[in-house]
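Peer 1: Spelled out, the chains give:
Protein chains: 2
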Amino acid sequence: MTTVAAPTIHSAGKAASDRVYNFSAGPGVLPEPVLRQAQQDIWNIQNSGVGILEHSHRGPVFDKVLAECIDDLREVGNIPADYDIFFVQGGASSQCFMVPMNFIRDKAQTADYFNTGKWASDSIKEAKLFCNVNVVASSEATNHDRIPARDSWKFSNNPAYLHFTSNNTIFGTQWKAIPTHPSNCPIVCDMSSDFFSKPTDFSRYDLVYAGAQKNLGPSGVVLVVAKKSLIDSGRDDLPTMLKYKTHARNESRYNTPPTFAIYLVGQTAKWLKSFGGLKAMQAYNEEKAAILYDYLDRSSFYRGHVQKDSRSLMNVTFKCPTEELDKKFCKEAEKAGLDALKGHRSTGGMRASLYNAFPIEGVRALVDFMKRFESQKH
Amino acid sequence: MTTVAAPTIHSAGKAASDRVYNFSAGPGVLPEPVLRQAQQDIWNIQNSGVGILEHSHRGPVFDKVLAECIDDLREVGNIPADYDIFFVQGGASSQCFMVPMNFIRDKAQTADYFNTGKWASDSIKEAKLFCNVNVVASSEATNHDRIPARDSWKFSNNPAYLHFTSNNTIFGTQWKAIPTHPSNCPIVCDMSSDFFSKPTDFSRYDLVYAGAQKNLGPSGVVLVVAKKSLIDSGRDDLPTMLKYKTHARNESRYNTPPTFAIYLVGQTAKWLKSFGGLKAMQAYNEEKAAILYDYLDRSSFYRGHVQKDSRSLMNVTFKCPTEELDKKFCKEAEKAGLDALKGHRSTGGMRASLYNAFPIEGVRALVDFMKRFESQKH
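Here the protein sequences come in this chain order: A and B.
Residue numbers for the first sequence follow our numbering, so the first one is 910 and each next one is one higher.
Residue numbers for the second sequence follow our numbering, so the first one is 910 and each next one is one higher.
Looking at chain A on its own, in the form it has when it is part of the complex (with noise of 0.2 angstroms):
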C-alpha cells in the first residue's frame, strides 16, 4: 500500500499553489499529500489496473485498504483492543438516534444529555423517541458561549447513559475534560468536530462516534469507536441495518461500505502517522489556535463568541463591531484566498475552522488580514 508521501500539510508553498485557505467548518480542508495520491489512486490502485472506486468492497485491494485503514486508526489512536473500530453511514445525524435505539430497553428509561449546542440537542430530540431524558446541564440561555459550569450539573440516579458533544462545531465551544457520571453509567460522545485532533483516553468512554469530514476524511462516512461488551449487548429485535453489532460484527462490511471514503479516512491516518501522531497534531492545533485566539484578545474591533476557558481549538468565533462590517469582511476575505469564514447564522458573524489539515500559514495570513481590515476607515 502506497504511503502518504510527506509530513507536510500542504504540497507546496502557497504562493505557487492554485489552492485557497479554505476555513469550511465541514466538509473540510483534507491534507494535500492524501489529494495527491487520490487522484492517482483513482484512476488505478496499486497498479491493479482499477481505479479505488471501482474495486469490489469484498476483493483483495479493499481488503488490504480496510485492514490498514483499522490498524492504522486503532495505532494512531491508541485505542485499546476491547474497543471495536466501524464505519456507518447516514452523518452523525443518524447516530442521535441509534444510540437510544440500541441501547435503550424500556421507555421508562432515562438518558444523561449535556446541551451544549445545535449537536446536542439534535440528539436529545431524538433520544426523547426512546427514554425520557434528563439534561444534564445546559448553555442555551447564554447562546451556547461557554460548557456549563461543574456547580450547574443535576445528574439523575441511573441513567442509560451520559451524552456529550465534544466540541460545538457551531458555536466554537470544547470540552477541556471527560465529565465523569456518579453512577459510571456507560459515556458516549459525540466527537464529530475534535475526533483524532489530539490524544485521547478512549477507556474512558464506551462509545463515541465522529464524521469523517472534519479532521478525517469525506463527508459519507461515521467511525464508531465503542467498548465490544457494550455493542454486544445492544437490542437485537431491530432492522438489521440499525443495530451497531451488524456492522461491528462484519467488520464495516455487512452490506457494501462507502469504500471512497474509507479509503481516504485510511490515508488520512497515514499520513497523521508521518506527522508524528496526535501528539504533534495537538501541538500544531494548539499553536494555531493560539495565533487567533491571541490576536482577539488584543483586539479591541474583534470579539470572540466564546468564554475564554471554554474555547475551542478547532472551530473559532467571532465578530466585528457590526453586522455590515462582518459581511465586508467575508467579502474582502475571500478575494484574499481566505474561504468559507462566514459564520454559522445561530452565532452570526465568523467562523475560521482550524482542522488538522488547516496549515498555520493560513491562520497568519487570516491574521494579517484582520489587521488590515482592522485598520481600514470603515
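Hints listed in this document are in silico derivations from the structure and should not be mistaken for laboratory results.
Where chains are identical, the list cannot tell them apart; a pair therefore holds if satisfied intra-copy or between any two copies.
Straight-line alpha carbon distances no greater than 20 angstroms define the calculated EDC-like cross-link-like pairs of lysine to aspartate or glutamate that follow:
(1) 1240 with 972
(2) 1182 with 1110
(3) 1016 with 1146
(4) 1228 with 1277
(5) 973 with 1243
(6) 1034 with 1146
(7) 1037 with 1015
(8) 1016 with 1145
Just so it is clear, the structure is predicted and the values come from calculations on it, not from any experiment.
Start from chain A and add chain B according to the hints.
Peer 2: Same frame as chain A, but now just chain B:
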C-alpha cells in the same frame, strides 16, 4: 460546471491504457472521462481553489453540483415533475427496512413481495419486522434461475404495496416487464443493478431506489425516485433521519450528504447525456450482452445459469463443466487483464457484470479468452 469531455467509454484504447477490464458486480467500473474529471476536481473544482471533497455542502459550489445533478438525472431519466429525486445513505440494504417503516401503519397490514434472489429475500426479512409479508412468487426452488412465470403469482387482496427487484445481481436475472397489481397498490422497486441502464417509465412506479455503485457512481449513496404524494403520506412518528420526507423536503441536505458521491453521480449523468441518453445506452448494453449470450448459446463447454427469457443485460452468470475449471478460468482470466469474474458463492462459476461504463471491447476480449480457454486441453 465542467462537462465531461467526450461521449466515449474509455478515454484511450486499451493498448495504451494501464487499466484492465473490470467485470466487478459493484462497486463497478466508472466511465473513464468521469474519472479524469474527478482527478482534477479533487484538487480544485471550477477554479474555486478548493477540491470537491472539501467544499461545504451548503456553499455555492456544491449548490450548483447538486442542482445540476438533479436536473440532469431528471432530464436523462425522463422523470416526471411530480416525482421527488433525492439521495439517502446506508445502501439499498437500508431501504429494505425504510420502505415498510415509512409506509406500514399497522402490523396487521400485508405487503406483497416477489422473491427473486438475495436482495429480494433480504427485503422480505426486514419487512417481516413491520407487517405480514405475502410472497407473490419465488424462484428459490430453482436457485433463482428465472423470473417466476406469471401463472404462478399469488397476490394478496389489498397490500400496502408490491415490491420487486428489477435485476438480480447475484443470479443474473432481470424483469422484462413491470409487474402490475390487481389492487393498483403502490409499486416499489429495488432497481440497484439496472437503474439508468435503459429508458424506464417511472410513472408506472411509486418508489424506486438504487445504490449508485453499479451504473451511476461510487458506493455510499442511494438514489430514490418517488411520487411526491407517496413520500408525503409516510409516517411522522419516526426518527428524523429515517423519514423519507426529511430527505425529500430538504433536497438531500437535511444533514451533510456524501458530497463527493453526489458529485460523481452528477458527472455520470452528464456522461450519459453526452453518450446519447438512455436509449443509446440500452442499445449499447443490448449489444454487449448479446455478444456474450450468443457465444454461450453456441458453446457446449460453458453453461449459463439463467433461463433465456430471464437473462440480465447487466450480470451474465455462467460455468465451466467443473468447479476446478471455474477456478482455473478465473485465475487465467485475471492474468489476461479480465478482472473480477469470480461468481458469487450462491451460484458459483463466473459472473461478468456489463454495466453502462463497461466497454464493448471488454466483452469481445472476454469471448476471445473464453474461446482460447475452451480450446485448451484440460
